[in-house]
Amino acid sequence: MNDVRIITGNEAAAQAVKLAKPGVIAAYPITPQTSLAELLSEYVERGELKAEYVRVESEHSSLTVCISASTVGARVFTATSSNGLLYMHEQLHWASGSRLPVVMCCVNRGVGAPWSIFNDQQDSFSQRDTGWIQIYCRDNQEILDTVIQAYRIAEEVYIPVMVCYDGFILSHTMMPVEIPDSGLIEKFLPPYRPHTILSSDDPKTINPVFFPSRRENSKGVLCDGYMEMRYKLQAAFEKSREIIVAASNEWAALTGRDHGGMIWEYKTEDAELVLTGMGSIATEATMAVDALRDERIRAGVVGIRTYRPFPKEDVAQAFKKAKAIVVFEKCISYGYEGGLCSDLKAAFYGTDVRAPIHNYIAGLGGRDVKTGELVDAARATLDTVGSGETGNKTIWLNCHTGIEAEDRG
Amino acid sequence: MQENIFKINEKEYILPGNRACQGCGLSLAYRYILKALRENTIVAIPPSCLCVLHGLYPTTSVIVPALNTTFASNAASASGIVAGLNALNIPDITVLALSGDGGTYDIGIQSLSGAAERNTDFIFACYDNEGYMNTGTQRSGATPMGALTTTTPVLTKQEPKKDFLKIMEAHHIPYLATVSPSYPIDLYEKFVKAKRIRGTRYIHIDTPCPPGWGYPVRDTVKVGKLAVETGLFILFEIENDRFRFTGRSKTIAERGKLTPLVNYVEKQGRFKKMSIEQLGTLQASVNSRWNECLKRAEG
Numbered sequence: 445m446n447d448v449r450i451i452t453g454n455e456a457a458a459q460a461v462k463l464a465k466p467g468v469i470a471a472y473p474i475t476p477q478t479s480l481a482e483l484l485s486e487y488v489e490r491g492e493l494k495a496e497y498v499r500v501e502s503e504h505s506s507l508t509v510c511i512s513a514s515t516v517g518a519r520v521f522t523a524t525s526s527n528g529l530l531y532m533h534e535q536l537h538w539a540s541g542s543r544l545p546v547v548m549c550c551v552n553r554g555v556g557a558p559w560s561i562f563n564d565q566q567d568s569f570s571q572r573d574t575g576w577i578q579i580y581c582r583d584n585q586e587i588l589d590t591v592i593q594a595y596r597i598a599e600e601v602y603i604p605v606m607v608c609y610d611g612f613i614l615s616h617t618m619m620p621v622e623i624p625d626s627g628l629i630e631k632f633l634p635p636y637r638p639h640t641i642l643s644s645d646d647p648k649t650i651n652p653v654f655f656p657s658r659r660e661n662s663k664g665v666l667c668d669g670y671m672e673m674r675y676k677l678q679a680a681f682e683k684s685r686e687i688i689v690a691a692s693n694e695w696a697a698l699t700g701r702d703h704g705g706m707i708w709e710y711k712t713e714d715a716e717l718v719l720t721g722m723g724s725i726a727t728e729a730t731m732a733v734d735a736l737r738d739e740r741i742r743a744g745v746v747g748i749r750t751y752r753p754f755p756k757e758d759v760a761q762a763f764k765k766a767k768a769i770v771v772f773e774k775c776i777s778y779g780y781e782g783g784l785c786s787d788l789k790a791a792f793y794g795t796d797v798r799a800p801i802h803n804y805i806a807g808l809g810g811r812d813v814k815t816g817e818l819v820d821a822a823r824a825t826l827d828t829v830g831s832g833e834t835g836n837k838t839i840w841l842n843c844h845t846g847i848e849a850e851d852r853g
Numbered sequence: 003m004q005e006n007i008f009k010i011n012e013k014e015y016i017l018p019g020n021r022a023c024q025g026c027g028l029s030l031a032y033r034y035i036l037k038a039l040r041e042n043t044i045v046a047i048p049p050s051c052l053c054v055l056h057g058l059y060p061t062t063s064v065i066v067p068a069l070n071t072t073f074a075s076n077a078a079s080a081s082g083i084v085a086g087l088n089a090l091n092i093p094d095i096t097v098l099a100l101s102g103d104g105g106t107y108d109i110g111i112q113s114l115s116g117a118a119e120r121n122t123d124f125i126f127a128c129y130d131n132e133g134y135m136n137t138g139t140q141r142s143g144a145t146p147m148g149a150l151t152t153t154t155p156v157l158t159k160q161e162p163k164k165d166f167l168k169i170m171e172a173h174h175i176p177y178l179a180t181v182s183p184s185y186p187i188d189l190y191e192k193f194v195k196a197k198r199i200r201g202t203r204y205i206h207i208d209t210p211c212p213p214g215w216g217y218p219v220r221d222t223v224k225v226g227k228l229a230v231e232t233g234l235f236i237l238f239e240i241e242n243d244r245f246r247f248t249g250r251s252k253t254i255a256e257r258g259k260l261t262p263l264v265n266y267v268e269k270q271g272r273f274k275k276m277s278i279e280q281l282g283t284l285q286a287s288v289n290s291r292w293n294e295c296l297k298r299a300e301g
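Heads up: the sequence lines are chains P and X, in that order.
If you count by my numbering, then the first sequence holds residues 445 to 853, one letter each, in order.
If you count by my numbering, then the second sequence holds residues 3 to 301, one letter each, in order.
Just to be clear, a hint being listed does not mean it is correct.
[Said to hold, decoys possible] Partial chain P-side listing against chain X, Cβ under 8 Å, derived:
#1 S502
#2 Y636
#3 F654
#4 F655
Keep in mind that the hints were calculated from the coordinates and are not lab data.
We put the beta carbon where it would ideally sit given N, CA and C, even for glycine.
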């Protein structure tokens with residue numbers, strides 16, 4: 445009998461954490477992550493989840509607690525949003541540099557200043573280069589399934605995983621979610637084995653100062669320098685693609701639910717107009733595609749599920765037949781364009797993908813994104829095909845860009 | 003549990019050839035700390051002189067397991083070690099977070115206060131060398147008034163040292179103590195005692211630093227003793243909110259007399275620009291704190 449409940453995205457994440465049974469949880473409240481931190485403390489206090497819950501005084505400390513507990517050998521979990529994630533920045537690097545399989549949910553929210561408690565993806569996007577795997581979910585079921593997959597991936601490649609989902613749009617919206625039974629989790633998720641043990645039996649100083657060059661240990665063996673350690677992280681990222689796909693496939697075989705490993709596709713078989721994005725905006729793009737198809741426009745969606753490692757080969761293949769590409773993003777690299785757009789262009793370089801690419805910056809700070817706006821944007825992009833206009837554009841969707849002095853404040 | 007020099011654990015946990023400076027007060031203190039805590043200790047280390055002392059990868063001269071973390075996070079890192087050990091049901095391990103004054107008074111205060119408020123089961127020890135010595139003697143919240151540092155290079159530090167022990171005392175933790183490597187038996191006893199207590203234990207180590215304080219490397223023990231003789235640094239412990247003098251400070255309190263502060267100040271190059279007014283202010287604050295301690299010891 446399937447256990448299907450109508451729950452929020454935060455509860456889906458909490459249920460997944462309960463199933464993954466971390467030994468240590470550390471969290472600090474921030475909107476819209478809060479109910480996730482609350483639910484987990486309730487599970488722990490009710491004895492439904494046997495874990496040490498460290499109610500820390502900051503996000504910097506929540507990730508630090510996870511880092512050290514993971515070093516000792518415990519499975520760990522934390523979650524945050526927005527400025528909380530930014531406050532963790534230093535420790536994000538420390539976790540990945542230490543090659544620890546920390547799993548974190550980032551409930552995506554705009555960052556200050558000015559303050560916004562509402563959704564966009566500038567928070568996790570701005571942490572793109574911290575050495576974390578980033579997976580973006582498009583509905584609550586995927587949140588639950590991805591958190592469990594995240595442990596499997598992280599503990600296999602020793603890279604921390606950030607499971608990202610849109611604040612309020614998913615975190616506070618109820619949807620039916622199937623909760624797997626714990627027997628299935630045991631089959632899918634083997635126990636965590638730390639790569640280095642912090643023990644008196646074999647005392648080591650972990651993460652001391654490294655020199656630029658390789659140095660010999662006391663037995664005369666030449667050991668890694670800083671650069672070799674960095675290379676190994678990159679090499680593990682390259683290898684992680686197949687692990688992410690395998691975890692997704694195996695999960696699909698066990699549950700019948702396939703969210704895609706690196707990317708997912710919707711009606712792309714014959715699509716000449718391809719819409720793309722990450723998270724819930726990509727879900728909305730599927731509705732835009734249905735509307736476009738009603739107009740006999742052959743449209744489809746390629747959703748980016750895993751943003752780091754970047755699915756470079758998958759996208760080169762998936763966009764091969766596109767005549768026009770529309771990238772919807774809830775974040776921007778100031779002074780250039782949306783980061784996903786840049787990454788796609790780089791992945792297309794030297795391939796057959798030559799279609800014009802329009803980049804729409806949308807929904808910042810929770811600005812509503814309507815399906816009709818995506819339809820219009822996609823249609824406008826398609827209209828440029830054959831018009832002789834080949835240039836790539838960055839357009840702010842549903843934003844009053846005629847900003848003059850009178851609009852300030 | 004009164005120990006004497008013959009009862010001190012003979013095993014060495016810091017092997018010869020560590021990377022601390024000559025005459026380092028920290029390496030002296032650390033040697034006795036580890037002797038007191040023995041095996042089954044995990045040390046949490048921030049970037050600091052201690053990190054340097056532990057050596058460059060892939061060699062170390064310290065034979066206890068140790069985990070480096072970032073500057074602000076040492077108490078949180080130790081909290082994570084404690085939580086992880088609890089989660090894995092690994093008992094009887096002493097977790098020691100050892101930070102300098104920067105990692106305690108300044109950048110580390112948030113995570114330390116949080117861990118102490120949660121009464122995390124660990125020892126946090128601050129080796130206070132009164133400045134950012136690892137980066138070359140910059141001013142910290144622990145630098146005394148009148149000291150020259152590389153960021154107070156002309157006028158000397160104008161503000162008094164933060165009264166950090168009061169801050170820690172306000173957390174009402176089970177054990178708080180001060181130690182000096184110049185009095186190793188007192189130091190050793192307090193760490194042995196702290197090891198047996200559960201909850202947050204805070205130990206403050208006065209840590210003379212030859213390059214940072216400007217005195218000859220052979221004088222570390224002497225300078226540390228003068229700090230105690232002058233009453234600038236008082237050896238005491240507070241157990242369950244009860245104050246008690248210990249060691250040399252106890253003797254002075256019972257039947258001795260404080261040495262004038264000028265004897266301590268004149269030994270150190272960092273105080274060469276200290277004004278008479280500053281010395282007077284410092285002496286007054288030493289006197290008032292000493293009297294306060296005398297009252298507490300009686301009460």
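Results of checking the hints against the structure:
no.: 1; hint: S502; result: holds, 6 Å
no.: 2; hint: Y636; result: violated, 10 Å
no.: 3; hint: F654; result: holds, 5 Å
no.: 4; hint: F655; result: holds, 6 Å
Of the numbered hints listed earlier, the single one contradicted by the structure is hint 2.
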